[in-house]
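Each chain is listed here by its residues.
Number of protein chains: 2
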Amino acid sequence: MARASDEIEGLIALMARLPGLGPRSARRAVLHLIRKRGQLMAPLAQAMAHVAETVRECPRCGNIATRTLCDICEDPKRATGELCVVEDVADLWAMERGQAFKGRYHVLGGTLSALDAVGPEELRIPTLLQRLADESVREVILALNATVEGQTTAHYIAEEVERAGVAVTSLAQGVPIGGELDYLDDGTISAALRARKAF
Amino acid sequence: MARASDEIEGLIALMARLPGLGPRSARRAVLHLIRKRGQLMAPLAQAMAHVAETVRECPRCGNIATRTLCDICEDPKRATGELCVVEDVADLWAMERGQAFKGRYHVLGGTLSALDAVGPEELRIPTLLQRLADESVREVILALNATVEGQTTAHYIAEEVERAGVAVTSLAQGVPIGGELDYLDDGTISAALRARKAF
Chain A
0 MARASDEIEG LIALMARLPG LGPRSARRAV LHLIRKRGQL MAPLAQAMAH VAETVRECPR
60 CGNIATRTLC DICEDPKRAT GELCVVEDVA DLWAMERGQA FKGRYHVLGG TLSALDAVGP
120 EELRIPTLLQ RLADESVREV ILALNATVEG QTTAHYIAEE VERAGVAVTS LAQGVPIGGE
180 LDYLDDGTIS AALRARKAF
Chain B
0 MARASDEIEG LIALMARLPG LGPRSARRAV LHLIRKRGQL MAPLAQAMAH VAETVRECPR
60 CGNIATRTLC DICEDPKRAT GELCVVEDVA DLWAMERGQA FKGRYHVLGG TLSALDAVGP
120 EELRIPTLLQ RLADESVREV ILALNATVEG QTTAHYIAEE VERAGVAVTS LAQGVPIGGE
180 LDYLDDGTIS AALRARKAF
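Sequence lines, in order, name chains A and B. Residue numbers for the first sequence follow numbering that gives the first Met the number 0, so the first one is 0 and each next one is one higher. Residue numbers for the second sequence follow numbering that gives the first Met the number 0, so the first one is 0 and each next one is one higher.
The shape of chain A in the complex, shown without the other chains (with noise of 0.2 Å):
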């Protein structure tokens, strides 16, 4: 391998931890961090510290927070009664991108797993069962990932959502826009047929 003096791998080593970065992209980034030390890698060193101190999980929704509740939790505008149930922060970014979505989140941490053994409590469901009382919730939206983790996760919450009285939807599933049915698997075409509507 190329050796640069020991900060500079040791430095490579952890960018070539990042997911999307290898050895090579990591030391092309580096190189690059190199040439503009002033206007970037100062800064995003300085950034990075400063997230790594402040970020916390918010305690209500469990989103990504630097304050004691995330923005999403701490903007009045966004208490609409509705709370969209999501696995992970990548879920919820996700989500927001789309721009449809006004209320608010809750994150699991995960799926139900007999086989890792997460049950109920290591996710984050007895505090959205706390929620629904005290943030007089009118309906819950499941946007789980369609897998069959997500799916029996969903269906564990829905039962004890609706045991709540809270009315429970989750996303439709369906032709994604653009999509070409030729290249859609079995089951998206299958479901899509199923819940299909009046034109």
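Just so you know, these hints were derived from the structure itself, not from any lab. Warning: the hint list may mix true and false statements.
Facing chain B, from chain A, some residues (calculated, C-beta under 7 Å) [claimed, not checked]: (1) ILE33; (2) ARG36; (3) ALA48.
Note that the structure is a prediction, hence the values are computed from the model and not measured. Ideal Cβ positions, reconstructed from N, Cα and C, are used throughout, including at glycine.
Add chain B to chain A, keeping to what the hints say.
Chain B in isolation, oriented as in the chain A frame:
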């Protein structure tokens, strides 16, 4: 766009300026960093700040250094009288990966370009000629890119070095190891044919 808090959005924006990361993968990388803020994010911020502060150009060869001279210039075993001229540090690292060259380097910092008004003074060519005498160099090996600019620069340097009475060589051109003729460009094939050797 998804909105995390301003600090996190700022960090994502900085990360997205790294080569190989776009806005989306930067977001994913930052999320990964936040999840591993103890083991990865804090050490990475620290390593980055340290390198940003200590890294400089080796005054002798132009390589990246964290002490006065770079590791290669400081290594007495590499004073072999052979000097390898490269365009930039990435090329030096590429040469080092090959582990075939045991001498020292000279990083030009670019190529001659009439259009961009880059003359020999803007590159590290005067210091190269100075080193020929200072370090009793016997051979200069040109490892410039096989582009028009690289080769123009190579010709210029070759003339100057020969005038100083030092031997000049350059990397061989030909079929890359593992290369398939069918996928090679015509220029490479004719260069390989002209430089053919006894089997």
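If any of the earlier hints don't hold here, list their numbers in rising order. none
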